[in-house]
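Every number in the numbering used here is 8 more than the matching position in the sequence shown, counting from 1.
Source of the hints: derived by calculation from the structure; they are not laboratory data.
Note that the structure is a prediction, hence the values are computed from the model and not measured.
Keep in mind that a hint or two might mislead.
For lysine-lysine, the following DSS-like pairs were computed, each having C-alpha atoms within a straight-line distance of at most 25 Å [to be verified]:
id, residue 1, residue 2
1, Lys-27, Lys-82
2, Lys-81, Lys-104
3, Lys-142, Lys-27
4, Lys-82, Lys-148
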Amino acid sequence: MLEKLYNDRILALAEGLNKDDRLDHPQATVTLDSPLCGSRIRVDLVLEDGRVAEYGQQVRACALGQSAAAIMKKLAVGRDEAELTRVRDRMQAMLKQDGPPPGGDWAELAILEPARAHKSRHASIMLPFNAILKAIEQIKSGTDTPDDTTA
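Construct all of the structure, not just a fragment, from the sequences and the given hints.
Here it is as structure tokens:
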């Protein structure tokens with residue numbers, strides 16, 4: 009079962025991830041933890057005209073969480089809140105309700121489908137999606153909220 013979960017593509021994404029890729033001057037920084045597995049992500053974000061202009065992250069997670077973060081890093085720039093919300097919701101449905109994976113530019117996230125049977129891994133996978141949306145919310149509200157929270 010673990011062989012299927014940690015396939016070669018997931019391991020390659022995790023291995024290729026720059027785990028400490030922070031921004032020098034973010035508009036928002038959000039840190040989310042998963043208390044169940046101990047995974048953590050810190051996301052730095054800059055928005056311009058309602059779209060992600062710069063994205064940085066620091067990731068401490070299992071290979072599944074690292075893979076999700078690697079895909080987010082690759083695709084986040086240029087995306088708006090509505091699209092990122094749809095992708096987050098689709099990922100949540102894929103993991104918890106046996107829904108289909110996201111499509112289009114985000115189709116690579118289908119590699120994480122085997123994790124739906126491993127509920128203890130869901131929070132780690134969802135960290136980058138929840139963190140980027142929380143950072144957008146922070147920028148839009150103009151509040152300087154503490155950046156350490158639990159997912």
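Hint check results:
1. Lys-27 <-> Lys-82: Holds - the C-alpha atoms of Lys-82 and Lys-27 are around 13 Å apart, at most 25 Å.
2. Lys-81 <-> Lys-104: With Cα atoms ~23 Å apart, Lys-81 and Lys-104 stay inside 25 Å; holds.
3. Lys-142 <-> Lys-27: 20 Å, holds
4. Lys-82 <-> Lys-148: 23 Å, holds
Checked against the numbered hints given earlier, this structure breaks none of them.
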